[in-house]
Amino acid sequence: MSEKNKVLVEAKPQYIESQSSPEQNRFVFAYTITITNVGAVPARLLTRHWLITDANGKVQEVNGDGVVGENPHLNPGDSFRYTSAAMIETPVGVMQGKYKMVSDTGENFSAAIPKFTLSIPRTLH
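Residue numbers (the numbering used here): 0 to 124.
What the hints contain is simulated information worked out from the structure, not anything from laboratory work. A hint or two may mislead.
To be verified - In the DSS-like style, the derived pairs of lysine-lysine whose C-alpha atoms are separated by at most 25 Å in a straight line are:
1) 114 - 5
2) 5 - 97
3) 114 - 3
4) 97 - 57
5) 114 - 11
6) 99 - 5
7) 114 - 97
8) 11 - 99
9) 3 - 97
10) 57 - 11
11) 99 - 114
12) 3 - 57
13) 99 - 3
14) 57 - 114
Assemble the whole structure, with the sequences as input and the hints as a guide.
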């Protein structure tokens, strides 16, 4: 990826106890994603690709257009923040993925979503 097409992705996960049901192996996590265009060219987010892995090694693959029903367009220096959720069958898991982007100059590129941990409170020390 060239420096002119560069997007940073940050994630902040949070356990949602009120929607979870540990006795039924249902653990719900919200995650807030901040996407920042740190490149030199405006770009639009086209698609998302997620890999969600629980502690049993079960992988959920999620592909789709945009994020939360939007295809945000980011000028250099702009950020877009959204919150979504995932459900896994164990108290701990990981998420990672990538966004497919297109610059205003017509170049397709990927923005990596760094791996982050989903964990109920007091599970990891």
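Hints, verified against the model:
1. 114 - 5: Judged against 25 Å, a Cα distance of about 18 Å means the pair holds.
2. 5 - 97: Since the Cα atoms of residue 5 and residue 97 sit roughly 13 Å apart, the hinted pair holds (cutoff 25 Å).
3. 114 - 3: 24 Å, holds
4. 97 - 57: Distance ~19 Å between residue 97 and residue 57 Cα, so the pair holds.
5. 114 - 11: 11 Å, holds
6. 99 - 5: This hinted pair holds, its Cα atoms lying about 12 Å apart.
7. 114 - 97: With a Cα-Cα distance of about 10 Å, the restraint between residue 114 and residue 97 holds, given a limit of 25 Å.
8. 11 - 99: Holds - the C-alpha atoms of residue 99 and residue 11 are around 20 Å apart, at most 25 Å.
9. 3 - 97: 18 Å, holds
10. 57 - 11: Since the Cα atoms of residue 57 and residue 11 sit roughly 22 Å apart, the hinted pair holds (cutoff 25 Å).
11. 99 - 114: 17 Å, holds
12. 3 - 57: Roughly 37 Å between the alpha carbons, so the hint for residue 3 and residue 57 is violated.
13. 99 - 3: 15 Å, holds
14. 57 - 114: Holds: residue 57 and residue 114 sit about 16 Å apart, inside 25 Å.
Hint check: a violation occurs at hint 12 only; the rest are consistent with the structure.
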